[in-house]
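> Letter by letter, the chains look like this.
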Amino acid sequence: MDNFTVGVVVFPGSNCDRDVSWALEGCLDITTKYLWHESSDLSCVDAIVLPGGFSYGDYLRCGAIARFSPLINALDDFVKSGRRVLGICNGFQILTESGFLPGALTANKNLNFICDDVELDIVSSKGGWFNDGGEKQTIKLPIAHGEGRYHCDTDTFKKLVDNELIALRYKNNPNGSSFDIAGITNEKGNVLGLMPHPERACDEIIGGTDGLFTLKSLMLK
Amino acid sequence: MDQFAVKVFVRLRPSVLDPAGEATKSASIKLGAEGIKSLRIGKMIEVKIEGNGENEVREKIDLLCDRLFANTVIEDYEYSLEKL
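Those protein sequences? They're chains A and B, same order as listed.
Using our numbering, you'd call the opening residue of the first sequence number 1 and step up by one each time.
Using our numbering, you'd call the opening residue of the second sequence number 1001 and step up by one each time.
Isolated chain B (complex conformation):
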């Protein structure tokens, strides 16, 4: 069995308003940071997972992302995968 470290990024779809991102953008400007055009908040999920090769692990991660980690009505996801 191979072991992989996976980093999943879940983001609100561009069409979905992100009020927490807007509030953080506003605070960033109050802090004095200049030039911020957009700020949106997502989630990063780290998973260590075993499987017989990368393809099998990708299948498992796809299922997890699609059914649990992200709500695809409002969120997109992508992930990177590193063999340990």
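With the rest of the complex left out, here is chain A:
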């Protein structure tokens, strides 16, 4: 059987694709393959990461143009097949714009581009993306975004709560996100979108390893 392979999608303007690949290959020994956004053949990968960056220069809205790429069109069948998709930062924005996840991401409340480490509460481990089985219910991950304010209305929030779709909440909400939301999953649990960057927290030498669990969980069936 071939190695489990994670596809790392590259849009024009992606800038965390190599970080994700480095973290998966170098820290977790997971095989990766870059997928150009114009590719629609996803049969060669077992899971997909939509990395951070500024796809299509964030024109119109973050993630709005990327949504129309051939790869995102092909993602629907991939998700329906149960395979796992992780959207980080701009990847999360693309997942909301394309309707895989509810809500939207817009400008930070204070208009600053925020680059910092943040404390996050694990709210749900739906899909097995986070380790809430042990004592550690809080993790620390870096954020780096100007448009990371998650917005949803109260009906959507109720649905998120009722179905345990809120994965992460900020301890000290840095960007004005509705209900402190930092990451959510779809109902099946095989799609996770989050603003923090787990790939930047995979080695003690760069400040922490709290992102390892999430990246490793790409391999869950």
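Misleading hints may appear alongside valid ones.
Taking lysine-lysine and the DSSO-like style, the derived pairs with C-alpha atoms no more than 30 Å apart in a straight line are [to be verified]:
id, chain 1, residue 1, chain 2, residue 2
1, B, 1007, A, 109
2, B, 1043, A, 109
3, A, 171, A, 33
4, A, 109, B, 1037
5, B, 1060, A, 109
6, A, 33, A, 216
7, B, 1007, B, 1060
8, A, 33, A, 159
9, A, 158, A, 171
10, A, 109, A, 221
11, B, 1025, A, 109
12, A, 158, A, 80
13, A, 80, A, 216
14, A, 33, A, 80
15, B, 1007, B, 1043
Bear in mind the hints are in silico, worked out from the structure with no lab data behind them.
Fit chain B to the given chain A structure using the hints.
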């Protein structure tokens, strides 16, 4: 085929905070403008488009607004249409 000039206005929904609008309001007050009660920033998109009559063009513009120009989770849109 008829040609139309369309102006699409995309605005954040009233319930969505507009920090850029708030910052611009603050600068407007510093400039000395008095009486500003509210200031919100939107987008205007100009499109020239061909079609067989206004109804067909409206259908195309509705699709563009709903699927691309606006994210209806956070934005509303309206447009005006002029036959050229």
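> Which of the numbered hints above does this structure break?
3, 5, 8 and 10
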